[in-house]
Amino acid sequence: MTTENLALSKAITRALHDEMTENPKVLALGEDIGKLGGVFRVTDGLQKEFGARRVMDTPLGEAGIIGTSVGMALRGYRPVPEIQFDGFVFPAFNQITTQLARLRGRTNGQYEIPVTIRLPYGGSVGAIEHHSESPEAYFAHTPGLRVVTPSSAHDAYWMLRASIQHPDPVIFMEPKRRYWLKGEVDFSDTDFNPFCAATLREGSDLTLVSYGPMVPTALAAAEAAREDGHDVEVIDLRSISPLDIETICASVAKTGRLVVAQEAYNFVSVASEISAAVTERCFYSLEAPVLRVGAFHTPYPVPRSEEEYVPGIDRILEAIDRSFAY
Amino acid sequence: MPAELTPEQSSGKIYPGVLPLLRIMDEEGAILEDGTFSPYVQDVGEAELKEAYRQMKVTRRFDDEATALQRQGQMSLWAPSRGQEAAQVGSAMGLLPQDYVVPSYREHALAFARGVEFTDLVKFFRGSETSPWDIKKHNFHPYTVVLAAQVPHAVGYAMALNFDRELEETTGEKQMGQGQFSASEENAQPAAVAVYFGDGSSTEGEIHESMVFAASYNAPVLFFVQNNQWAISVPFKTQSRVPLSTRAAGYGIEGLRVDGNDVLAVAAATRYAMKKIRSGEGPVLIEAETYRLGAHTTADDPTKYRTGEEENEYAQRDPLIRLEKYLRHNKLADESFFEGVDQEAQQVASEVRRVALVAEPAEYETNFDFAYAKPHTQTENDRRFYREYNAGFEEE
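Quick note, the sequences are listed as chains A and B, same order. In this text, residue positions in the first sequence follow full-length UniProt numbering: the first is 1, and each later residue adds one. In this text, residue positions in the second sequence follow full-length UniProt numbering: the first is 1, and each later residue adds one.
Looking at chain A on its own, in the form it has when it is part of the complex (with noise of 0.2 Å):
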């Protein structure tokens, strides 16, 4: 059988199993990770079969977590790290800009630094604060960094594969929101690419470009927005960093308006990158301006009024019609 059905978090657990199995120098450690199997249990059962070497709790300090990780890379090994929760990923943040992103470059390339961060993101969960952030573009905006996310379980299989195996450090977001969503993952799809981006529906009035747990929500968007006479396509990033701005620009060529969703702050996001690449490169093309549909500029709010802050279908189809305004 070469499909299963799986949710999109275990197909995180078994890209890392697989893994492990095929190389010993992929190892896994971060904080609660190993008997508990991470606050999220994407790594339940890890430890049990690997070891407690291989599948290490760590000391909690996330710094501490990505340093030696940087170490571990530098004598040959691929550890996979994972950062809790992306609220608590920056006092690692001088680790993974100043050092992970650097020591190839820095060494003209006499070294690899194959490290993947692990870094459940997103709200829309009802955490506190600090549990609920979108700090894609920090990495993004770095040189030497990869940023990938996946929305579906088998993009999350083949992501994570593909990530552990290539030899840059790479930021592998997980949309947590999305973690019990359910997919076929097919395991035969081994010429995946995770650096370019997925048309998920096709359409000729409009283009919807989303990446992570908004994927979804952008679908949905789409499904509605056919019911008021538009038809949408929408388009997945996968990847951040590179961004596959080629794609974007094939579906604005023929559609001439685009809407970017995100959960991040519009404000120097992801979706401003992308305003900016598609305005300079089909500028002819566009029937209306980019819209972007993404959080306020305040900071993620208190649990119970995140409704009001996370951009849901309404949003984006607010964003649509204006675009169909012009």
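Read the hints as simulated data drawn from the structure, not as lab findings. Treat each hint with caution, since some may be false.
Below 27 Å or equal to it, Euclidean Cα-Cα: the simulated DSSO-like pairs (lysine-lysine) are [unchecked claim]:
#1 LYS25/A with LYS136/B
#2 LYS25/A with LYS374/B
#3 LYS275/B with LYS174/B
#4 LYS174/B with LYS137/B
#5 LYS25/A with LYS174/B
#6 LYS137/B with LYS25/A
#7 LYS136/B with LYS174/B
Covered stretches of chain A, going by a simulated chain B footprint (3 or more residues, C-beta under 8 Å) [unchecked claim]:
#8 58 to 67
#9 94 to 101
#10 235 to 243
Glycine is no exception: its CB is placed at the ideal position from the N, C-alpha and C atoms.
Could you slot chain B onto chain A? The hints should help.
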């Protein structure tokens, strides 16, 4: 403002756990016996001490040349190692070629002891290259400028050496890392890691996390802190109320406090620590108490924060003077030896000057090659722009 600890702080009377200062050669070059540590340098004879002196003196001359080059506009910056040569050369006497050495950015004497050419090292501060030497051949990591950021790397590397041992036992295959130099003999001593940082770095959070991780995983790593008394303009007493070696006990690892201007004491402490580390007993912290005789870097003006009186006092305790006294008093070296070293030092300095004046960066386009291991769309788009932009000038 005295940078040194008060006698009360050093005595352990107010703060328990302050360690005694290990000394084996005093400032007059006389030998002090230490029951535990002296045996570790019993085999250090005339040849080894003359070699230590040579490494220290050549580094001193190189260091002065580099400062002069910076003053003449030939270097972006220079961080002088003047005064810290014994701490660095002494510690190198305890290391093996298979050990991975992770410096901060002032470890010039250590680099030399590891076989790195000064003509390569100078390119870093000239601003021509970030990693001018063959890292894996010398097992000498690039200089790290973000303070303390290299320390968890050293711990991770040491943890990985433990993983290597486990893999070697289960697979029977020798683990080669990313191709770092390893000992070829069958019964070679196990490799370990030595990481260097200063009293300024010691307050960074990454030092704390590094020591916790190293202790928890019993990582074969030596933490070697050169306490040179000054973090740019901030004196040691602002960094700590007690000697840094005192902190080791809090991590459940052994700490050693050693006179960093005493090359024999540093060598003995390092050999003692490395023996323990290699035998699987986990990390050790050595604090070498020394003094930065020069500026923090050439961008600095020490007269604004410390007195000439203090500088003069420490100049009397120069590690080179001490070792020279020992070599002369014991008639291990005559005038021709010192003249020979000076000549070599002068030659090295001249060669450094010659290379520095012409050391230019690689073609800018190599930056696009090294940012990523595999092509990245945005980097490749920028490369294309860069080529077209430059081609536009060529056509004109």
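* Of the hints given before, which are not true for this structure? -> none
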